[in-house]
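Below are the chains, spelled out letter by letter.
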Amino acid sequence: MERIEQAVILAAGEGQRLRPFTASKPKVMIAIANKPILQYVIEAVARNGIRKILVVVGYQKEQVKDYFGNGDQFNVELDYVEQRQQLGTAHALKQVRESVRGKFLTLSGDNIIEPDTISELVQAQANTILVKEQENISKYGVIEAQDGVVTSIVEKPKEALSHLVNTGIYAFSDDIFDLIAQETDLTSVILNMIDLGHEVKTCEATGPWLDVVYPWDMLQLNDMALAKISPATGGTIESGVSIRGLISIGKGSTIRSNSYIVGPAIIGENCEIGPSVCILPSTSMGNNVCISPFTIIANSIIADGVEIGPSSTVQDSIIDRGCQVKGHFVTQSGETEIKVDDEYHRVRIGAMLGEHCSIGTSVVTAPGIIAGNRCQVKALKVLEESIPDKGLVV
Amino acid sequence: MCGIVGYIGEREAQPILINCLKRLEYRGYDSCGIALLGRGTEVYKGAVRIETLERSLQPNDGRTGIGHTRWATHGKPSESNAHPHTDCSGKIAVVHNGVIDNFLQLREQLTNEGHTFRSETDTEVIPHLIEKYYQGDLEQAVSRAIVDITGAYAFIAIHADQKELVVARKESPLIVGIGDKENLVASDVPAVLDYTDRVMYLEDGDIGVITKTDVRFTQNGKKVKRAEHRVPWGIEEAQKAGYDHFMIKEIHEQPKVIRNTFAGYISALEPDIDLGIRSDLDFNNILILACGTSYHAALVGKHAIERLAQIPVRVDIASEFNYSDAVVGKTWVIVITQSGETADSMRALKKAKELGCHTLVITNVVESSVTRIGDDVLYIKAGPEISVAATKSFIAQLIMLYLLAMARASVDVRSRGSLIAELRQLPNKVHEILDREGEIAERGRYLAEHENVFFVARGINFPVALEGALKMKEIAYIHAEGYAAGELKHGPFALLTPDTPVVAIAARDNTYETLLVNIKEIKARESPVIAVAEEGDEEIEKYVDFVIRVPKVDPMFSPVVNSIALQLLAYYTAKERGCSIDTPRNLAKSVTVE
Chain A
1 MERIEQAVIL AAGEGQRLRP FTASKPKVMI AIANKPILQY VIEAVARNGI RKILVVVGYQ
61 KEQVKDYFGN GDQFNVELDY VEQRQQLGTA HALKQVRESV RGKFLTLSGD NIIEPDTISE
121 LVQAQANTIL VKEQENISKY GVIEAQDGVV TSIVEKPKEA LSHLVNTGIY AFSDDIFDLI
181 AQETDLTSVI LNMIDLGHEV KTCEATGPWL DVVYPWDMLQ LNDMALAKIS PATGGTIESG
241 VSIRGLISIG KGSTIRSNSY IVGPAIIGEN CEIGPSVCIL PSTSMGNNVC ISPFTIIANS
301 IIADGVEIGP SSTVQDSIID RGCQVKGHFV TQSGETEIKV DDEYHRVRIG AMLGEHCSIG
361 TSVVTAPGII AGNRCQVKAL KVLEESIPDK GLVV
Chain B
395 MCGIVGYIGE REAQPILINC LKRLEYRGYD SCGIALLGRG TEVYKGAVRI ETLERSLQPN
455 DGRTGIGHTR WATHGKPSES NAHPHTDCSG KIAVVHNGVI DNFLQLREQL TNEGHTFRSE
515 TDTEVIPHLI EKYYQGDLEQ AVSRAIVDIT GAYAFIAIHA DQKELVVARK ESPLIVGIGD
575 KENLVASDVP AVLDYTDRVM YLEDGDIGVI TKTDVRFTQN GKKVKRAEHR VPWGIEEAQK
635 AGYDHFMIKE IHEQPKVIRN TFAGYISALE PDIDLGIRSD LDFNNILILA CGTSYHAALV
695 GKHAIERLAQ IPVRVDIASE FNYSDAVVGK TWVIVITQSG ETADSMRALK KAKELGCHTL
755 VITNVVESSV TRIGDDVLYI KAGPEISVAA TKSFIAQLIM LYLLAMARAS VDVRSRGSLI
815 AELRQLPNKV HEILDREGEI AERGRYLAEH ENVFFVARGI NFPVALEGAL KMKEIAYIHA
875 EGYAAGELKH GPFALLTPDT PVVAIAARDN TYETLLVNIK EIKARESPVI AVAEEGDEEI
935 EKYVDFVIRV PKVDPMFSPV VNSIALQLLA YYTAKERGCS IDTPRNLAKS VTVE
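As given, the protein sequences belong to chains A and B, one line each in that order. Last residue of the first sequence: number 394 in my numbering, and the count goes up by one each step with no gaps. Last residue of the second sequence: number 988 in my numbering, and the count goes up by one each step with no gaps.
These are computed hints drawn from the structure, not numbers from a lab. Keep in mind that the hints are not guaranteed to be accurate.
Claimed, not checked - Pulled a few chain B residues facing chain A out of the computed Cβ check, cut under 10 angstroms:
no.	residue
1	Y595
2	H646
3	H825
Said to hold, decoys possible - Below 25 angstroms or equal to it, Euclidean Cα-Cα: the simulated DMTMM-like pairs (lysine to aspartate or glutamate) are:
no.	chain 1	residue 1	chain 2	residue 2
4	B	K650	B	E419
5	B	K619	A	E135
6	A	K228	B	D666
7	A	K251	B	D666
8	A	K35	B	E907
9	B	K564	B	E597
10	A	K390	B	E932
11	B	K946	B	E647
12	B	K617	A	D116
13	A	K378	B	E565
14	A	K326	B	D806
15	B	K564	A	E269
16	B	K619	A	E43
17	A	K35	B	E565
18	A	K65	B	E833
19	A	K94	B	D638
20	A	K201	A	E135
21	B	K557	B	D574
22	B	K564	A	E135
23	B	K616	B	D666
24	A	K390	B	D903
25	A	K35	B	D829
26	A	K35	A	E114
27	B	K969	B	D939
28	B	K617	A	E5
Quick reminder that beta carbons are idealized off the backbone N, C-alpha and C, glycines included.
Same shape as in the complex, but just chain B (with noise of 0.2 angstroms):
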């Protein structure tokens, strides 16, 4: 998914086609570029975020421009792939959502007609083409392009030598604003909202040809109008599809993100996983490395990978592995961080190579910067995440890993059968606890009058009990502890008050009889206690005060239907509290500095 925008009319355009930009972020943000209509045909792009590009840009006087964010799906995001993309006499300049599918043989023709490509992208073809038929007039060149073109698109051209922008639209979105004096065209209708609220709808096929002045469009070759609309209600809210905040809705998506993660990987027939990296390598255990909420993912895959392949697995956090004197041996090392950025796992990474360890990195975004690090790369496909609360990407990370552990599973064909059976079916599962969110949410309301929360598990589920009390530290600013259960009675039990209450993982695996136990003690103290436990656990009931309700899946699994648990109970204690959760203070989402 991308985001375009263009501009024309007397203010100057960039400032307004940054704004604009920052409000389409929520479609991808891994690269990004403006054109502008000044001295000629000016484009500045790069693989950065829309403040970086701000930040670089210097005042420029253009009364028209494009711009565009992108969020790389194949080829990667660079300075080249993004967008605006020229033509090769650099007049033209075109952004793009969408995918021509006939790129390849159009591009092979137009590079025999001479035309010189300088990207990897689908979009060249676009300004090339439009060159190729201009003769003086934009909207016949552009009428002409799209005849060649076979595929889905919205996208804005413009020309040194014209005082316009044309804009075409197939089966992706594209809206015009309508301002006094200037006009704007976007991906969707939040994006233009600072300027205008009167906007127009393009239909499949239609040809725009948009001054400050006048906005007209043509469909083969024919007039049509298109009727202004008025946006009546506050919108501004609409990409966050009617939930409050983009940390719900992110939590909402996980069944599809984990869909998205093992699609490709697992099939019914095949109980062997190739994941396409290589599987000739000498090593004889593993290193781990990871910040934040990726390193609360690296600890499930240590359970996960123990478990099933046998392989001894260690897990570092990036920042102390950097300053330890690290021993490796016959070491693989596994780096996981979402954005790919992160400036403490990319230290790790190289001291790793260095080290002369073969190195995987795990991340969500195409390209960034950890992938040209490192020798083998794992794609989760989370999608671009919004809220600085890791959620959905922490999820398909799990997904990831239990992938790797079941790729080199040593155990048998029909444990392996039934493991890609129960993988498959997470996504059921994780859909029945977002059906009882309004349980999860009353007990949000509870935990949300306290000011101190314990979270307890063992096991494969300690790492869930961190990531717990790690989302309520961040987004309602309550003071949290996750401990390994039998860790309480070491020092934390001196803490618990009938005010403190206990949140317990209680997986129905090997630690179930001792976290019972544990929770026995923990009310011997007077302290509430929440659990999370499975369907159909009723022993569970007789000692605690509250139980949230996970579906049963294998307990290899649990860290997932737990975790999502886990998430929607800080996400509701937060909101109960008040909080900014999408932008919880002191924190931002990648963390470049170390």
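The following block holds chain A by itself, in its conformation from the complex (with noise of 0.2 angstroms):
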């Protein structure tokens, strides 16, 4: 069989649920360890060969531009074309129709994949499905198969029909497109497919498929995408700092006197860390981060930019891009309710602040709290409840 060598990849969409963090962003570029999800997608498509691969990007689209380029860092082709709407799946594949022939593989820039994940499905022939064995399958579309050939799909199924879900990954020829006709999404278009005798098989994925559907799965992932970084000390380490288990540090970072860093750990480049600043497990840090003495990060995310002021303790975190933080920031973390879109959540985690807050000295916050972008918090507040964009505590 010959193998697949395009790819088109789909990262047009907000991410809404993600709110706060996809305020400025598209989804894809939601960083896990340090690192964009749609990189991961890319990086596991190059490995299996396929060198040219286009990107559907619309909302925010410059931000994956200015990140990717054309591709050479990681090694691959890349082009983009632009949804303008983000109307569905199959709506965004069909941007793509003028440039792509013969077979070629479908893919969300939503889910973090490793190289395995896809390495049966670039042999395997064109209206293939990658399923994948899940659990919990209330959240997907459930794929129904006989002897490998997809007979049903229902979507968000309330009785577990079958546990194979449908990842979004698809082999296609350029017959698609005709196919799609006036659809949106991908799931019309195989339904509609099947009920014309088209045969749609399935392929089971070996490898990972992750998806980050709400904010606290981006701490449950990073802690998993840490595990496999590659170790690195870049910048400058002063003397007397503790380091153990795998720590990546970049170039132009310096760790001050008396530091002491835990790892599965990423710090990117150009931070200021320290003096006597503690770093615990499984923390991710961008570049240009701040964070002042006596402080304790432990299981956060803290992305480009931020600056976190002294005596400080931040835990099963997320504060985005650019939030100036003051001395005494207190993040309690425990188990809580979250309501996302009238649903309840059980979850245990600390604060999730959006880009650019700006928080006084000696705020404390209650178990997930979510603060929007741009959020202002006065010295000395107590946050016990969610705050929208702009929001100002006072």
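With the hints as a guide, bring the two chains together.
Structure follows, in structure tokens:
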């Protein structure tokens, strides 16, 4: 069977349930262990020998282009096609009609995958769906199949008809464009194909397929992804710094005296840490982060350009790009109920701060607090409720 | 970043290599060179741009060759440092992209074994290593050489006695283009697209032997197959990373450029900035000399230095200074030029030296001509700028001037600390502007319908008005004038009509109230007014037709955010008018004539 040599990655979506972290970036640019989700997908595709990748961009497309450029850093040829309105996966795929020929892979840029996840699919025939066995199937499209041939797909079923879920990764040929017709999502296209008597096969993923649906999923994935980073110690590490476990420190970063770092953890470029800062597993820190003395950061994601003042405790938390946090900031962590889209989720988490928040001295947050982008919280406040974008707590 | 190419086939290699190199110019252009297998291995190279090298070449009937274009990040661009590099015998030539980590050690070892090195580059160890292991089989010598090398590389080697290109790749981009009785090698696919659309990608650790009819690969001594791919879509444009023009790509690089420029100079804990230039100079005034966009950066620098360091600063256009009876006393002269080759700036620098002034050069190009003349040098880290209209180099120049002002600041430690904190946040603020590009694009489409535009501002943003107007002229071909807001009433008012929009830059500093008065005067002439104003400034909405919002920053840094908003405005105006944005008519990137 002829190998597939081109891939189309759908990266136009916003990821509304991940707000506030998708307010100014598309879901595919959410960083897990300092790497955007899309990068995991591109790397997995490239490792399977596919070099020509077309990325369908839409929401905040410049962020994707600025990061990935023409792909030469990732050893692939990237080109971009814009989906002006995010009407659905089939509509997104239709945008590349003029640009692909023959067999190709279609992937969602939203899920973290590894090379072996798709290693069988790249050799499959056209019209094959990559499926993954999943314990909890309630939020996915469930595939019913007989002898590897799809008989139906049921979106978000109440009862478990099967444990095979649709990963949104397919092998297609350019015939698919005629079959899309006026449909906007791929599930409907597949169902139509089955009705018309086309054979749609399944291929089971052997590697991981991880989904980021809600903000707290980011922490769990971060922990998993950190286990696979390559160790590096760039920058300056002053005397008296203790470093243990799997650690990556980017170039230009300074770790000052008496800091204590326990991996797995990743620290980006040009960060200033310490003196006397404690970084505990599983923490990811972006570029240009500044952590003042006597602060403890544990199991958290700290994005680019964040500054955290002295004597703070940040755990199980996500602090997005450019937040300015003064000293004595404490994120309490614990089990709590968080409401997203009228659904309650029980999770164990600290605080989640959107981009460019400004937090005054001695602020304490209750577990599960979500602060939108550009919130301002004055000194000595206890945050017990989430605050919307540009919220002001005085 | 560098770019490499190779050709083997039945045609003359030289014009093909030159053409491929031009396609790779976006990866760097401070020096370049080619090597051809003709009568032995012939090398032609220099610290010049590709067009210059091309003009100096004689026709050559060599059918095999390699080429290189360089962007120096360390080690100066000079003829000896330019690629290709050769071994002692002069038979082996190599072009390389990447960094050899253990080159010092290898170089010492090879020197002890009797090899003679002629450059300061890490690359030169490769031809000497190949020479060391060469016993009539180039592929074997290369595979033995890479065992000794640690680091990242993509390189092409040729030998005068062999009719083949031998390539190796690890962690740097390299592709092979398959032609008809000819094959090519390059750093990226667009470089070879004029000759073929069939390409192969090398994997890390691959060694390839390429003849005019055959391409084969090995990895760790074992034969491997690499699939041939057809290039299916028009990736000629890929170098622009999906953008329509280099200018907009470069505008989007600015957060990174700002970070790179201040990285290493500022620290949250240490409020003193040490730029590594002489600090014991005896001077009581500063003269900054520059041309074009750099001149506007200089004018912003004047405000910043005078405010923070309380040293009088004069700014002069370099070409004017050259014809003036310049009076200098204890003057420190700063020359700003992106390319480091601008003829007028070079001459001004020489004149300042002759007058006995200590000189500092601020440039983007490592070891360019000015750096050999100036007493001190500061590099902005903008990377290669392809678009003729300067954007990221202007912003990087501003950052360098701020650092200079802060390094000399006589303000207290508290203010210095807060300025550093503000500077650190600037890249994030710039992101915020880029995130709202769409709103600015709309204003651009509006301006595109007009033939005259005024830009007004006061204080530290007056140069931003000049720069905003310059961008509008050079890429959108709209007649645009930058004015100090207070100067409008001394003449230009006569030109204001309902068809002449005015862009007013309203920074929240001591000029704000008077600027509002000026805006009212303009509105009285019925000119449409577009204000550039910070987030949260609601007052301004009462007086103007449109507001372009920029994030709130310390007024001293407002030229950075305001300029970027105006770059986008000029870009989208030009795009709407269908102008040739990256190469405007009658203009060249670096003006090397007076």
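Okay, the hints, checked on the actual structure:
{"no.": "1", "hint": "Y595", "in the structure": "holds, 5 angstroms"}
{"no.": "2", "hint": "H646", "in the structure": "holds, 5 angstroms"}
{"no.": "3", "hint": "H825", "in the structure": "holds, 7 angstroms"}
{"no.": "4", "hint": "B:K650 / B:E419", "in the structure": "holds, 21 angstroms"}
{"no.": "5", "hint": "B:K619 / A:E135", "in the structure": "violated, 40 angstroms"}
{"no.": "6", "hint": "A:K228 / B:D666", "in the structure": "violated, 39 angstroms"}
{"no.": "7", "hint": "A:K251 / B:D666", "in the structure": "holds, 22 angstroms"}
{"no.": "8", "hint": "A:K35 / B:E907", "in the structure": "violated, 46 angstroms"}
{"no.": "9", "hint": "B:K564 / B:E597", "in the structure": "holds, 7 angstroms"}
{"no.": "10", "hint": "A:K390 / B:E932", "in the structure": "holds, 16 angstroms"}
{"no.": "11", "hint": "B:K946 / B:E647", "in the structure": "holds, 21 angstroms"}
{"no.": "12", "hint": "B:K617 / A:D116", "in the structure": "holds, 23 angstroms"}
{"no.": "13", "hint": "A:K378 / B:E565", "in the structure": "violated, 48 angstroms"}
{"no.": "14", "hint": "A:K326 / B:D806", "in the structure": "holds, 21 angstroms"}
{"no.": "15", "hint": "B:K564 / A:E269", "in the structure": "holds, 23 angstroms"}
{"no.": "16", "hint": "B:K619 / A:E43", "in the structure": "holds, 20 angstroms"}
{"no.": "17", "hint": "A:K35 / B:E565", "in the structure": "holds, 18 angstroms"}
{"no.": "18", "hint": "A:K65 / B:E833", "in the structure": "holds, 19 angstroms"}
{"no.": "19", "hint": "A:K94 / B:D638", "in the structure": "holds, 22 angstroms"}
{"no.": "20", "hint": "A:K201 / A:E135", "in the structure": "holds, 22 angstroms"}
{"no.": "21", "hint": "B:K557 / B:D574", "in the structure": "holds, 17 angstroms"}
{"no.": "22", "hint": "B:K564 / A:E135", "in the structure": "violated, 41 angstroms"}
{"no.": "23", "hint": "B:K616 / B:D666", "in the structure": "violated, 57 angstroms"}
{"no.": "24", "hint": "A:K390 / B:D903", "in the structure": "holds, 24 angstroms"}
{"no.": "25", "hint": "A:K35 / B:D829", "in the structure": "holds, 20 angstroms"}
{"no.": "26", "hint": "A:K35 / A:E114", "in the structure": "holds, 13 angstroms"}
{"no.": "27", "hint": "B:K969 / B:D939", "in the structure": "holds, 22 angstroms"}
{"no.": "28", "hint": "B:K617 / A:E5", "in the structure": "holds, 22 angstroms"}
Hint check: violations occur at hints 5, 6, 8, 13, 22, 23; the rest are consistent with the structure.
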